[in-house]
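Undergrad: The listed protein sequences derive, respectively, from chains Y and G. Sequential numbering from 0 applies to the first sequence in numbering that gives the first Met the number 0. Sequential numbering from 0 applies to the second sequence in numbering that gives the first Met the number 0.
Just so you know, these hints were derived from the structure itself, not from any lab. From a predicted model like this one, the values you see are computed outputs, not experimental measurements. Quick reminder that beta carbons are idealized off the backbone N, C-alpha and C, glycines included. Please note: incorrect hints may appear among the correct ones.
[To be verified] Here are some chain Y residues pointing at chain G (derived, C-beta under 8 Å):
(1) HIS19
(2) ASP162
(3) LEU178
(4) LEU180
[What the hints assert, rightly or not] Residues from chain Y that keep clear of chain G, each with C-beta distances beyond 12 Å, as calculated:
(5) ASP16
(6) VAL21
(7) GLY29
(8) GLU43
(9) LEU55
(10) GLU144
(11) PHE153
(12) GLN172
(13) GLY188
[As the list claims (entries may be wrong)] Distance ranges between label pairs, derived from CB positions:
(14) Y:SER184 x G:ASP93: 17 to 23 Å
(15) Y:GLU158 x G:ASP94: 36 to 42 Å
(16) G:ARG102 x Y:GLY12: 43 to 49 Å
(17) Y:GLY68 x G:GLN151: 51 to 57 Å
(18) G:GLY29 x Y:PRO105: 51 to 57 Å
(19) G:ALA67 x Y:ARG84: 56 to 62 Å
(20) Y:THR5 x G:ASP93: 55 to 61 Å
(21) Y:GLY12 x G:ARG26: 34 to 40 Å
(22) G:ALA53 x Y:GLY68: 45 to 51 Å
(23) G:SER81 x Y:PRO105: 24 to 30 Å
Protein chains: 2
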Amino acid sequence: MLGTGTVGRTIAGKLRDLGHDVLVGSRSAGDDAVPFADAAAHGELVFNCTNGNASLEALNAAGAENLAGKTLVEVANVIDASRGRPFVIGVSLDDSLGEQIQRAFPEARVVKALNTVNANVMVDPAIVPGAHDLFVCGNDAEAKEQVGELLQSFGWPAERIVDLGDITAARGQELYLALWLSLMSAAGGAAFNIHLAR
Amino acid sequence: MLGTGTVGRTIAGKLRDLGHDVLVGSRSAGDDAVPFADAAAHGELVFNCTNGNASLEALNAAGAENLAGKTLVEVANVIDASRGRPFVIGVSLDDSLGEQIQRAFPEARVVKALNTVNANVMVDPAIVPGAHDLFVCGNDAEAKEQVGELLQSFGWPAERIVDLGDITAARGQELYLALWLSLMSAAGGAAFNIHLAR
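Just chain Y, with the same shape it has in the complex (with noise of 0.2 Å):
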């Protein structure tokens, strides 16, 4: 697990709970969390969890040498609050980080996926009531089946993980966010979700 935040600290305590050997990969480590790259090295499967303004520093810490050939489920989005609201999310009209990460990483298996839901919801789609679903995207069918898996085991089920193509579909789960902010104001909280309809 690659960051600290509420999203990676959400996801790592449900992997420990479900029995994975987890190591949780900060910049500056200490506490309870390790470098990035003993937290990459030491994954079969790689979580990208970190403050998505930040990925691209933090998995060069971790080391495309102990990403390569690894799942790395990116989750992360690039939110930016110093102009107040709305925040301005994503990174360009044209390009995605999910996009940014697989060119940076080529050996790395990118797999977007988790980003359009609060953390509580990541971990326990339950809490949302009724159907909804969550999408993932990337180059690597395996990868994307491998997370499915993962994803299931974290309550989804198989019939709402929506799989929306190659990875240049981050762009859309990740523009969303700007959606989501609106949706989250008129549903009077996070625990929320879209079901897709048709």
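Starting from the known structure of chain Y, fit chain G onto it as the hints suggest.
TA: For chain G alone, kept in the frame of chain Y given last:
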């Protein structure tokens, strides 16, 4: 009605079915369309269903004097298909067409609505099974109420029309189109929508 594309013609047809007196405006007029200014002058309520890349030009042709004090239902999306797929969506990360139009026509009461679903779904939401939601935003509460009543006459239940706040929420409604395009591929067609599960 400003715009003679699929969206404009579909909504204009629905409005006529409901007994409204509709003039459709286009840049070139001819056939059953009149100049933008004539259509805007005629309407108590004006729909912008022009191509998002040309909407400001179309509204300038319609004339600020023909929009002043009126509810302007802003349905357009900005799509750049010139670089192939994935299409590039939106005007920028920190602005939206809805906001641009409200700034350019401060006396119009802009309500962003309907741009998050396909034209057929706009006027016949029942073609998508189950509960699913439509989003509106704008600075004028009375205008949003008026649009909400019109949407109910299209078949949208009142409880499925979600008010996202002021016109800055148009960013989320517009940038969502990037996700919508991926969802269209996953859903295998455009007859879908999202439901806010909470």
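Undergrad: Decide, hint by hint, whether the structure agrees.
TA: Evaluation of the provided hints:
no. : hint                           : verdict
1   : HIS19                          : violated (28 Å)
2   : ASP162                         : holds (7 Å)
3   : LEU178                         : holds (3 Å)
4   : LEU180                         : holds (7 Å)
5   : ASP16                          : holds (24 Å)
6   : VAL21                          : holds (29 Å)
7   : GLY29                          : holds (35 Å)
8   : GLU43                          : holds (28 Å)
9   : LEU55                          : holds (18 Å)
10  : GLU144                         : holds (16 Å)
11  : PHE153                         : holds (17 Å)
12  : GLN172                         : violated (7 Å)
13  : GLY188                         : violated (8 Å)
14  : Y:SER184 x G:ASP93: 17 to 23 Å : holds (18 Å)
15  : Y:GLU158 x G:ASP94: 36 to 42 Å : holds (38 Å)
16  : G:ARG102 x Y:GLY12: 43 to 49 Å : holds (46 Å)
17  : Y:GLY68 x G:GLN151: 51 to 57 Å : holds (55 Å)
18  : G:GLY29 x Y:PRO105: 51 to 57 Å : holds (53 Å)
19  : G:ALA67 x Y:ARG84: 56 to 62 Å  : violated (29 Å)
20  : Y:THR5 x G:ASP93: 55 to 61 Å   : violated (25 Å)
21  : Y:GLY12 x G:ARG26: 34 to 40 Å  : violated (58 Å)
22  : G:ALA53 x Y:GLY68: 45 to 51 Å  : holds (48 Å)
23  : G:SER81 x Y:PRO105: 24 to 30 Å : holds (27 Å)
The structure does not agree with the numbered hints 1, 12, 13, 19, 20 and 21 stated previously, though it agrees with the rest.
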